[in-house]
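**Student:** Residue strings, one per chain:
Number of protein chains: 2
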Amino acid sequence: MENMFWIGIVGAFIALCFAFVQSRKVMSCSEGTPEMQKIAKAIREGANAYLKRQYTAVFKFFIIMVIVLAILAFTGLVSKFVPFAFLTGGFYSALAGFIGMKIATSANSRTANAANESLNKGLRVAFSSGAVMGFTVVGLGLFDITVWFLLLKYVFHADANTVGTTMVMFGMGASALALFARVGGGIFTKAADVGADLVGKVEAGIPEDDHRNPAVIADNVGDNVGDVAGMGADLYESYVGAILATFAISTAAGYGWSGMFLSLALAVVGVIASVIGTFFIRTGENADQKALLKTLRTGTYIAAALAAVAAAPLTYFIMDGKMGIFVAILSGLAAGCAIGYFTEYFTSETYKPTLDLAEATSTGPATVVIGGISLGLQSTSAPILIIGAAVLVSFFAAGGAASFNQGLYGIGIAAVGMLSTLGITLATDAYGPVADNAGGIAQMAGLDEKVRERTDALDSLGNTTAATGKGFAIGSAALTALALLVSYVDIVSTKMAEAGKALDLSLVNPPVLVGIFIGAMLVFVFSAFTMSSVQRAAQSIVVEVRRQFREIAGIMEGKADPDYAACVDLCTKGALKEMVMPAVFAVIVPIVAGLVLGANGVIGLLTGVTVTGFAMAVFMSNSGGAWDNTKKYIESGHLGGKGSEEHKAAVIGDTIGDPFKDTSGPSLNILIKLVSTVSIVFAALIVKFSIM
Amino acid sequence: MENMFWIGIVGAFIALCFAFVQSRKVMSCSEGTPEMQKIAKAIREGANAYLKRQYTAVFKFFIIMVIVLAILAFTGLVSKFVPFAFLTGGFYSALAGFIGMKIATSANSRTANAANESLNKGLRVAFSSGAVMGFTVVGLGLFDITVWFLLLKYVFHADANTVGTTMVMFGMGASALALFARVGGGIFTKAADVGADLVGKVEAGIPEDDHRNPAVIADNVGDNVGDVAGMGADLYESYVGAILATFAISTAAGYGWSGMFLSLALAVVGVIASVIGTFFIRTGENADQKALLKTLRTGTYIAAALAAVAAAPLTYFIMDGKMGIFVAILSGLAAGCAIGYFTEYFTSETYKPTLDLAEATSTGPATVVIGGISLGLQSTSAPILIIGAAVLVSFFAAGGAASFNQGLYGIGIAAVGMLSTLGITLATDAYGPVADNAGGIAQMAGLDEKVRERTDALDSLGNTTAATGKGFAIGSAALTALALLVSYVDIVSTKMAEAGKALDLSLVNPPVLVGIFIGAMLVFVFSAFTMSSVQRAAQSIVVEVRRQFREIAGIMEGKADPDYAACVDLCTKGALKEMVMPAVFAVIVPIVAGLVLGANGVIGLLTGVTVTGFAMAVFMSNSGGAWDNTKKYIESGHLGGKGSEEHKAAVIGDTIGDPFKDTSGPSLNILIKLVSTVSIVFAALIVKFSIM
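Line by line, the protein sequences give chains A and B. Here the first sequence is numbered in the numbering used here, starting from 15 and rising by one per residue. Here the second sequence is numbered in the numbering used here, starting from 15 and rising by one per residue.
Chain A on its own, in the form it takes in the complex:
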């Protein structure tokens, strides 16, 4: 078995080929009228410009980190591969984000144009571009892991334990990149969105996506840099992190190469299952919202079922018939699907919670806000119970009662199971912003009413899949973080023993307890940072849009074009400036806490961050999602419809929900993984120099 790791390259090849085929399919479609092409070009250029500047800024951070890591490597505190792996992790993650965004910004006008022909055509184009993102992430992730693995094993002849404990440090590059992508992209998209809404919709009274709004292009750019590139980087990190965590635990669990191979094989099988799943996504012309959702669900569920079926023989042959591990994999897959379902329940206007929230608009904005917060807080119950159940089932099924480390391996492999069909899950998620953009283009280019109805149907579906996608992203981040946590414990226990320090992870050990407190604090303060960042960046957009309305004559009559680029530029500057503080905070706190509280405290901190961050992320995403859909529900003619007092209250709720669901909430996914990867890399330093 141990010489078959090359299948990782095969899996990567399949995923990347499929992504290539899908991208050709998208690019072969027509971009539509010159007007549409012009708008699409503006969005594309804005997105490219932002991403270039973001990557330039991130590059500087990477240079600093590589120097730090090189010093650590030089003094023997990390493996000499870490600085290089840090770079490749960041590079592939960035590349995946770049490709995904490139295709998304090419697919938006093509989707709008295809919707001109039929709903099914529109769906296929948008979904194909989502698939490019999904499979690129998976393909590059597998490629990066496998190449490093083969290098370490065959060129440097490392043993299984060394490979595992070294490679788990490689996740930090992807984590760091993801942080900037999620936080920066999240700030960009919501600053543009909030700014455009506050002045355009509320003050000037022009519709959403109106070409007279100077921030409209920035808003569309934001969908791509935040929801496509940011989401891609987020899940790239979870995907790689989960696999590497099982690598790290495998030897301690007594499975050596086999345990690692199962993880990789499962990922490869997931790629194939995802490819097959995509073929089931198609729809008839008269499909309604439910039918559209059903076809996307069908594809995802078929992929999950195929992966589950294939996992049985894989486990049987690779792990010598230890079918408890198969149960662990199943629990991960099931948890992913279940979290998606409950996210939908709490955020979709077809269910009671959001309908109740809509009723609360009748007593004004205050009650809508209270109701939405209460809904979000309440909605944490299901995902937490699901993840809790998955942890217990995977731990005990994998033999945790008899062998603790085998149980921990079970938790890791459950995370890999959950993420194995990421190709298709991410495709349905990245599809959303493309459909959203297509709707915007159709509106701005003044396309036929019929086309807009179709793009609206696609867009509305995109909102639902975006919400469930977020639930999946959070759930997988939590499970990945737990897998990383247990691998950290594994790594640090050896180091502590060597340093003659005691590993005491008991809850009543004060450094552990204080670490948990600090972890919770990190989550709260980080959320505060990202939220006030959006507020500050949005405020600058508000000022600029007001200025343009005032100073550019004829803008309101459609006689003069607004200066779209100025808004894009402002968002870019705002996002880049504002992303620094949270990022630095997220990297510094675990290191400083570690130096004071020691490794025991760090493990407390990781636990505190994971638990509180998970709950907080679910709360924020679901509150935001429910507010968004409440607004949409009213806009579709209920409770007084557009322009009513109820609608105004709902718009306020939605505006508050914007940074909740698209900036602070998703950024927490990164935080909980990043603190783990940072801690893993700096483990030796902490153990050596900590004062406790």
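Calculated directly from the structure, the hints in this document are not laboratory data. Please read these numbers as outputs of a predicted model, since none were measured by experiment. One thing to keep in mind: the hints can contain errors.
Note: identical chains are not told apart, hence a pair may lie in one copy or across any two.
Calculated cross-link-like contacts (lysine-lysine; reagent style DSS-like; alpha-carbon spacing at most 30 Å) [unchecked claim]:
no., residue 1, residue 2
1, Lys215, Lys662
2, Lys366, Lys587
3, Lys94, Lys167
4, Lys135, Lys52
5, Lys336, Lys515
6, Lys366, Lys591
7, Lys304, Lys366
8, Lys573, Lys587
9, Lys515, Lys656
10, Lys656, Lys215
11, Lys646, Lys662
12, Lys656, Lys308
13, Lys702, Lys656
14, Lys702, Lys52
15, Lys573, Lys591
Fit chain B to the known structure of chain A by using the hints.
**Tutor:** This is chain B only, laid out in the frame that chain A set:
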């Protein structure tokens, strides 16, 4: 030393005598004009009626619990004293709340009338009534503890360990009562407040505290049942809980009777220090806000300093010169003061955070809400770092490095230190609602402008002390919960060993980890419950007030009286109905989680609840406080003043903040202590019947 525990009775006697003297002082003042007497009577009757019905409802719950506890006692799963102690704990807590509220509702009109004479007179009356509450809580708490102690020691001849581990179970009665008082009172007060504001202020455009508003009496009643009786029960529980927790740990730490005696002696010394502190609270006629605040602070700080000074010889003689324990006590006292300071920094309009928040009103309600949430999230950093530091300092100073249990005793005694001067701390806090009510009465009775200026000054100060008081209540709840947590571990470790189960509190033990997750969930869901309770109850008030405005002719012209009693009645019904679900949830979840996850899981749950609950409570209290003061800041003429768009945005923020700071936030204080006391009482049951 061990035969000197009767000093607890002396301490109780001093406290109760002082409370009695203060109450005579209040009652000797005149109630003012017949109009004022009429209003005060309506408030008093409403408050009495509510409290009676609340206690009746709680009595039923207590009956059920006593039966359950009797069964447990009969089967040997708890000590036979527990059912009785459960009753006395609940009884004294209820009695303290009743007395405090009785005097508060008698002092409101007297304060207004005294303010007619001079500001100093007004301050003295309001403060005296606060002191009645503060010293009654302390006196009854000390009395209950000491009587039980003497009974167990001298009548039943129990040894130190038995006394400690038995008495720690006695906290549950006070916990359960506090839950109902805080949650029920919190729902009552905010339903009335929100309801009165939404219709009266926003829709009908009449000022706050206007006698034409049918909910105005209910609003004033709410201040008493929520902020006086609720707050008193909360701190009664912390006070008793902290002392009992040190009793429980003392023997394991090797201190036996001495460790217990230090805790009690510290409390007695704190009573005397508090009494002395009150004499420093007085003011000149032309005192401004700052001078008023300074005099209250002076009193509190003098009391804390006296307690600190006295603690040194106490520790020296009782603990045989182990002065590390003195350092632990100091860390508790210092933490209490520091948390108060930072709470003020984040919520008072004299500092940057709230001033920045006020600026955000210029872009509408959405940005105010985002800004307030972000401020609250950010503000968790200081209290968490302070509590973290207090835990580490008290643990290590008390000898935690050499003896783990002595370190844990240090954490317990730090909590006692923090709470030792509760008499005066609670007095400054309970003073707030009295001043608030006095202002309302002055407004409703149409007193002279000069009187209202004075009551406004007192009220405004009351808002600041209420905020810092909340900070103190949360901080002490967290430290008490940690002390209870460690005493739980101590108790359960013996029981687990007897049952042949392994106590494994390692963070990576899945039941522990899942327990932490469930704990965090409990906090989020409990907050959701309390918040939506307020919303539902407020909605019913909105409907009723609208009905009265519509149906009672001449109400707006002041020709007909509104039906105040109907609103009081609705609030009562709403609060009693809505408090059941959160209460049951808080009691059931730790028991069910324990039966599934075992004692290890329970300890995880307690940790998760304490950490997340602490952060969440600080967040909610401070967001709410900052919104409140933003509104007041604008109303005092800044940023456009009353009636401006900025003011409207601030009112929305304040309305959202109401349940944050007065219902959900403070209720979490109880939650984190209640789950501990419930778990302690049900420990034997859990150990015996849990499936893990």
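**Student:** How do Lys94 and Lys167 come out at 30 Å by Cα distance, when the copy is not named: within, between, both, or neither?
**Tutor:** within (15 Å within a copy, 66 Å between copies)
**Student:** Reference check for the pair Lys515 and Lys656, CA-CA at most 30 Å: within, between, both, or neither?
**Tutor:** Classified as neither; 65 Å inside a copy, 62 Å across copies.
**Student:** Go through the copies and call it for Lys656 and Lys308: within, between, both or neither, with a Cα cutoff of 30 Å.
**Tutor:** within (29 Å within a copy, 52 Å between copies)
**Student:** For the identical chains here, do Lys336 and Lys515 meet the 30 Å Cα criterion within one copy, between copies, both, or neither?
**Tutor:** Intra 35 Å, inter 27 Å, cutoff 30 Å: inter-copy only.
**Student:** Up to 30 Å between alpha-carbons, please classify Lys646 paired with Lys662: within, between, both or neither.
**Tutor:** Answer is both: 12 Å inside a copy and 25 Å across each meet the 30 Å cutoff.
**Student:** Using 30 Å as the alpha-carbon threshold, which applies to Lys656 and Lys215: within, between, both, or neither?
**Tutor:** Classified as both; 11 Å inside a copy, 26 Å across copies.
**Student:** Go through the copies and call it for Lys573 and Lys587: within, between, both or neither, with a Cα cutoff of 30 Å.
**Tutor:** Within one copy only: 29 Å inside a chain, 61 Å across chains, cut-off 30 Å.
**Student:** With identical chains, the pair Lys215 and Lys662 could be close in the same copy or across copies; at 30 Å between alpha carbons, which is it: within, between, both, or neither?
**Tutor:** Answer is both; intra-copy 10 Å and inter-copy 19 Å each pass.
**Student:** Up to 30 Å between alpha-carbons, please classify Lys702 paired with Lys52: within, between, both or neither.
**Tutor:** neither (58 Å within a copy, 72 Å between copies)
**Student:** Within, between, both or neither: how does the pair Lys135, Lys52 come out at a Cα-Cα threshold of 30 Å?
**Tutor:** Classified as within: same-chain Cα gap 22 Å, cross-chain 75 Å, threshold 30 Å.
**Student:** How would you classify Lys702 and Lys656 at a CA-CA limit of 30 Å: within, between, both, or neither?
**Tutor:** neither (62 Å within a copy, 60 Å between copies)
**Student:** How would you label the pair Lys304, Lys366 (within, between, both, or neither) given a Cα cut-off of 30 Å?
**Tutor:** So Lys304 and Lys366 pass the 30 Å test inside one copy only (17 Å; across, 50 Å).
Taken one by one, the earlier hints fail for this structure at numbers 9, 13, 14 and 15, listed in ascending order.
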